[in-house]
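In order, the protein sequence lines correspond to chains A and B.
Using the numbering used here, the letters of the first sequence correspond one by one to residues 179 to 907.
Using the numbering used here, the letters of the second sequence correspond one by one to residues 24 to 184.
Keep in mind the hints are simulated off the structure, nothing from the lab.
Hints may contain errors.
Stated by the list, open to error - Here are the simulated SDA-like cross-link-like pairs (lysine to any residue), alpha carbons at most 25 Å apart as the crow flies:
| hint | chain 1 | residue 1 | chain 2 | residue 2 |
| --- | --- | --- | --- | --- |
| 1 | B | Lys111 | A | Leu526 |
| 2 | B | Lys33 | B | Asp109 |
| 3 | A | Lys809 | B | Lys33 |
| 4 | B | Lys111 | A | Lys679 |
| 5 | B | Lys111 | A | Lys809 |
| 6 | B | Lys33 | B | Leu43 |
| 7 | A | Lys615 | B | Asp109 |
| 8 | B | Lys111 | A | Ala288 |
| 9 | A | Lys656 | A | Thr795 |
| 10 | B | Lys111 | A | Ala881 |
| 11 | A | Lys679 | A | Trp742 |
What the hints assert, rightly or not - Residues of chain B placed beyond 12 Å of chain A at every Cβ, according to the derived structure:
| hint | residue |
| --- | --- |
| 12 | Met48 |
| 13 | Asp58 |
| 14 | Glu59 |
| 15 | Asn75 |
| 16 | Arg77 |
| 17 | Asn79 |
| 18 | Val81 |
| 19 | Gly85 |
| 20 | His98 |
| 21 | Ser107 |
| 22 | Gln112 |
| 23 | Asn121 |
| 24 | Gln132 |
| 25 | Pro135 |
| 26 | Glu136 |
| 27 | Lys162 |
As the list claims (entries may be wrong) - A few chain A residues that face chain B, going by a derived Cβ cut-off under 8 Å, partial list only:
| hint | residue |
| --- | --- |
| 28 | Gln283 |
| 29 | Val551 |
| 30 | Leu553 |
| 31 | Gln769 |
| 32 | Pro865 |
Yeah, the Cβ is synthetic: ideal placement off N, Cα and C, and Gly gets one too.
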Amino acid sequence: MSDFDDIQAIFFEECAEGLAVAEQGLTAMVAGDTSPDIVAGVFRAVHSIKGGSGAFGHSALLAFSHCFENLLDEVRAGRIAASRHVAQTMLSAFDVLADHVAAAQGQAPAPDDRAMLSALEEVLRTKGEVGDAAAAPAPADAQAAAADVVDDGQADEADEFGFVPVGVSLESFDLEPLEEMPQDAAPSAPAWRIRFAPSREAMANGAEPLLVVRELERLGAMLTMAETHNVPPLRELDPEGAYIAWHLTAPAELDEASLEECFDFVPPDSEVDIGRDAETDGVAVHAKAEDVVPVIEALPSAQIHPLPVAESPRASTAAVPVTTLPTAAGDGQSQTIRIDVAKLDMLLNLVGELVIRNSILSDRLAPVDQQRVELPQLGRLTREIQDTVMSLRAQPIRQAFSRVPRMLRDLCAETGKQVALDIVGEMVEVDKSVIEKIGDPLTHMIRNAVDHGIEHADERVAAGKSAEGMLRVSAEQKGARIFIQVRDDGRGIDRERVYAKAVERGLIAPDAQLTGEEIDNLICAPGFSTAETISNISGRGVGMDVVRSNVEALGGRIEIVSEWGVGTSFTMVLPLTLAILDGMIIRLAGQRYVLPLSSVVESVQPEPGQVRRVSPTNEVIELRGNYVPVKRLSDMFGVDPASCTRPEDSLVIIVEHDGTGLVGLMVDTIEDRREVVIKSLDQHLYPIRGLGGATILGDGSIALILDVDALVASPTGNGSKFALKGMAA
Amino acid sequence: MSTENASENKIVTFTLAKQLFGIDMSSLIEIREWDEPTPLPGVPSYIKGVTNLRGNVVPVVGLAERLGWEPSVLHARSCILVVSIDGKQAGFLVDEVNDIVAISSDAIQPAPEVENGEQNMLVGLVQIDARGVEGGEKKQTMVSLLDLNALSLTRHLDLAA
Chain A
179 MSDFDDIQAI FFEECAEGLA VAEQGLTAMV AGDTSPDIVA GVFRAVHSIK GGSGAFGHSA
239 LLAFSHCFEN LLDEVRAGRI AASRHVAQTM LSAFDVLADH VAAAQGQAPA PDDRAMLSAL
299 EEVLRTKGEV GDAAAAPAPA DAQAAAADVV DDGQADEADE FGFVPVGVSL ESFDLEPLEE
359 MPQDAAPSAP AWRIRFAPSR EAMANGAEPL LVVRELERLG AMLTMAETHN VPPLRELDPE
419 GAYIAWHLTA PAELDEASLE ECFDFVPPDS EVDIGRDAET DGVAVHAKAE DVVPVIEALP
479 SAQIHPLPVA ESPRASTAAV PVTTLPTAAG DGQSQTIRID VAKLDMLLNL VGELVIRNSI
539 LSDRLAPVDQ QRVELPQLGR LTREIQDTVM SLRAQPIRQA FSRVPRMLRD LCAETGKQVA
599 LDIVGEMVEV DKSVIEKIGD PLTHMIRNAV DHGIEHADER VAAGKSAEGM LRVSAEQKGA
659 RIFIQVRDDG RGIDRERVYA KAVERGLIAP DAQLTGEEID NLICAPGFST AETISNISGR
719 GVGMDVVRSN VEALGGRIEI VSEWGVGTSF TMVLPLTLAI LDGMIIRLAG QRYVLPLSSV
779 VESVQPEPGQ VRRVSPTNEV IELRGNYVPV KRLSDMFGVD PASCTRPEDS LVIIVEHDGT
839 GLVGLMVDTI EDRREVVIKS LDQHLYPIRG LGGATILGDG SIALILDVDA LVASPTGNGS
899 KFALKGMAA
Chain B
24 MSTENASENK IVTFTLAKQL FGIDMSSLIE IREWDEPTPL PGVPSYIKGV TNLRGNVVPV
84 VGLAERLGWE PSVLHARSCI LVVSIDGKQA GFLVDEVNDI VAISSDAIQP APEVENGEQN
144 MLVGLVQIDA RGVEGGEKKQ TMVSLLDLNA LSLTRHLDLA A
């Protein structure tokens, strides 16, 4: 059946949704919010993943999610208290579950889940180390247990479909046709009535009874009822068994043969009753009322989440498969597709070429002719395409930061330390490739901070700090670079120990004279690790040197700032290759340059006498009583001053620079302000001092992007060939 | 006449300072007409600047200067050979592009040793039929095959640094 892959794709999309819901819920549980809604939400998410995995034959995923679900079920029923420990275990189980889903999709090898499984079973066995279930109020317990039985029924019914995304908003589901349906499922015309009860083994051969129902629906049939009384409690349920019988009505004008055709591939021992309205009416009537679920009635009020327990739970729960199935099919077309970044690059370059051709065309055609061939419209369109393509590659760094919170939680759980997290600048946009590549370094930096930096609570208190450590992860764009910093308020780098260790490891000579900074940077030396004991977090000596090599591979560097007892910060300084820069386009001697707007303070049209020479080579500009050094861009770039605007007609742009404060740059004029795509020069050449890269302007010409820091800083400390000198601005 | 053991290479021949040079065809990306590149600060004089090649910022090199000849004088037939060297692209300003010819690797003779410590930028020398012969009389002419890797801009800078 060709639909199978499509349906499986939908299943995986729903898995992704389910995983997101589960992670959110589990995170909340770890944070202490164990309200029934949340627990039930996680349960349903895991449950639907399990259901689908059974339907699609992902046995490893099925087995693991089953075990996970068992624990969740106990927690949901209140038999295991949702303590932090239990929640933490489940959060870890979630990771394994996510790995399993990835494995089922063929994206990754199947994870080794034995340890996790036994951890889950341990919690199940020890009841989460609480053991005082009796302490829970009995009535609530009983009610929860009762609800549990009901839910099992509901949930396992969902199992058979394998498509129960939790919390699917019904708003997205087009209810109109349903409202047109007769509420009592008794149309006046002698419509077809169909009862379909697949045999228990219906799914054994890879068949999917649901497809039959879908096929009927395509013919115009309406699902009116579902018999769910055969669905066993969860623990007795065979995930590959079929338990539900469906009732459908089909339009009278259909002929019997076409209806019967739908059942061609149904196992022979399934029950199929097709009859005109009056003939089979009895089926529904004779079925026990509470077991036959009036699907349609449930629809308008269907509130999937939270589970209503008190009033007619089955009615609403039975609505789940019916309402979500069309939704799944309708919204199944995913909202995102994966694209090879190389293709994106090619597209970007080709669009750039298109823009250039366009402007060449407009140069060569007289305005009248341009209008005649609608060239301006073409130009606008082309530029719009360019903008869109450009935006495709830039992504908020949030993507890389999103996994930090749970990673930190895991680390805290493993180390027993308490660490609060502060994330800043997650909307900073960087190139996709950068986001992909900073994941590992970021992980190492955070591990390092928690493992080596932040102290245990008692140690912190003894040092006069708050018991809870603070980890700040931030991203900031400064000019043509992005600064990604991990800062902790821990003990700082113990330079004596680092020094001793480096000597011991033979990384430095025993009598080496190193500055504090240089010692700090030894942390990034290959094979260096000061962990007293090898932990599974860090301490294998592969941490920070990997960070450094990764960052250097990206054309960046690592800066380490540490103060003993106060804290440490690790900063990745990365180029924004292909990133978008908000720039000021300036002109000098006919060439255009881009000045990162972030470093521009103001621009001044100097009055006569405002710029004064203080030495043959040095000038200053008087700015509201302050004297700011002025540098001529023409000098810095070796441009013939004769081809520039006369100094008295020039503009001075005041820029801010980390090291030296304000500096004025003398340029001919300001042309524009716009976002530009940064193209690194070292892609085809090599980095040039004073330039942060180049960009291609709309007319195809190249404008060089100025690296203000490097331009303005004194041209000494440039040859920092030794990567240890990471501190240079 | 194709031989199995001696592989046949196609080369692009071009003129620099009235001399005939050749590069391996497989390195050539395209040939463009000369377009004034954007000058770069603080680079050797043979790097004329950068130009936009299909969205890539690619350096333009005065190949004659790079090889130690007099700088090319721009004229109507000046053009840029865009080549790929180890994944990096560069545009070479040449005086004229002549031909594409097939040569047998057997026919390549080693280039003479260079003495003054300069890096040898030639793969070798090869004889090809001269173009535009009259009276059916075929003339042979010499082509100096360039070693693009030796010309690699980044490599040169590594050495200079």
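Each hint tested on the structure:
1. B:Lys111 <-> A:Leu526: Between Lys111 (chain B) and Leu526 (chain A) the Cα gap is close to 18 Å, so the pair holds against 25 Å.
2. B:Lys33 <-> B:Asp109: Answer holds: Lys33 (chain B) to Asp109 (chain B) is near 19 Å, not above 25 Å.
3. A:Lys809 <-> B:Lys33: Roughly 52 Å separates the two Cα atoms, so the pair is violated.
4. B:Lys111 <-> A:Lys679: Roughly 41 Å separates the two Cα atoms, so the pair is violated.
5. B:Lys111 <-> A:Lys809: With Cα atoms ~34 Å apart, Lys111 (chain B) and Lys809 (chain A) exceed 25 Å; violated.
6. B:Lys33 <-> B:Leu43: 15 Å, holds
7. A:Lys615 <-> B:Asp109: Answer holds: Lys615 (chain A) to Asp109 (chain B) is near 23 Å, not above 25 Å.
8. B:Lys111 <-> A:Ala288: The given pair, whose Cα atoms are some 39 Å apart, is violated under the 25 Å limit.
9. A:Lys656 <-> A:Thr795: Measuring from Cα to Cα gives roughly 29 Å; hence the hint is violated.
10. B:Lys111 <-> A:Ala881: The hint holds at about 20 Å.
11. A:Lys679 <-> A:Trp742: Within the cut-off at roughly 17 Å; holds.
12. Met48: 20 Å, holds
13. Asp58: At about 9 Å from chain A, Asp58 (chain B) fails to clear the 12 Å cut-off, so the statement is violated.
14. Glu59: Non-interface label on Glu59 (chain B) violated, nearest chain A Cβ at 10 Å vs cutoff 12 Å.
15. Asn75: Given that some Cβ of chain A is not farther than 12 Å from that of Asn75 (chain B), nearest at about 5 Å, it is violated.
16. Arg77: It is violated; Arg77 (chain B) is separated from chain A by about 5 Å at its closest Cβ, not greater than 12 Å.
17. Asn79: 6 Å, violated
18. Val81: Per Cβ check, Val81 (chain B) is inside 12 Å of chain A; nearest 5 Å; violated.
19. Gly85: Gly85 (chain B) is indeed farther than 12 Å from all Cβ atoms of chain A, at 14 Å.
20. His98: 22 Å, holds
21. Ser107: Violated, because the least Cβ-Cβ distance between Ser107 (chain B) and chain A comes to about 9 Å, which does not exceed 12 Å.
22. Gln112: Contrary to the label, Gln112 (chain B) does not stay out of reach of chain A, its closest Cβ about 5 Å off (not over 12 Å).
23. Asn121: 26 Å, holds
24. Gln132: Check passes; 32 Å lies beyond 12 Å.
25. Pro135: 30 Å, holds
26. Glu136: The claim holds: Glu136 (chain B) sits with its nearest Cβ about 29 Å from chain A, beyond 12 Å.
27. Lys162: Answer for Lys162 (chain B): holds, closest chain A Cβ roughly 39 Å.
28. Gln283: It is violated, given that the least Cβ distance between Gln283 (chain A) and chain B is near 32 Å, above 8 Å.
29. Val551: For Val551 (chain A), the interface hint is violated, since the closest Cβ of chain B sits about 24 Å away, which is over 8 Å.
30. Leu553: 21 Å, violated
31. Gln769: 7 Å, holds
32. Pro865: Check failed: Cβ of Pro865 (chain A) comes no nearer than 10 Å to chain B, outside 8 Å.
Hints 3, 4, 5, 8, 9, 13, 14, 15, 16, 17, 18, 21, 22, 28, 29, 30 and 32 from the list above are not met by this structure, while the remaining hints are.
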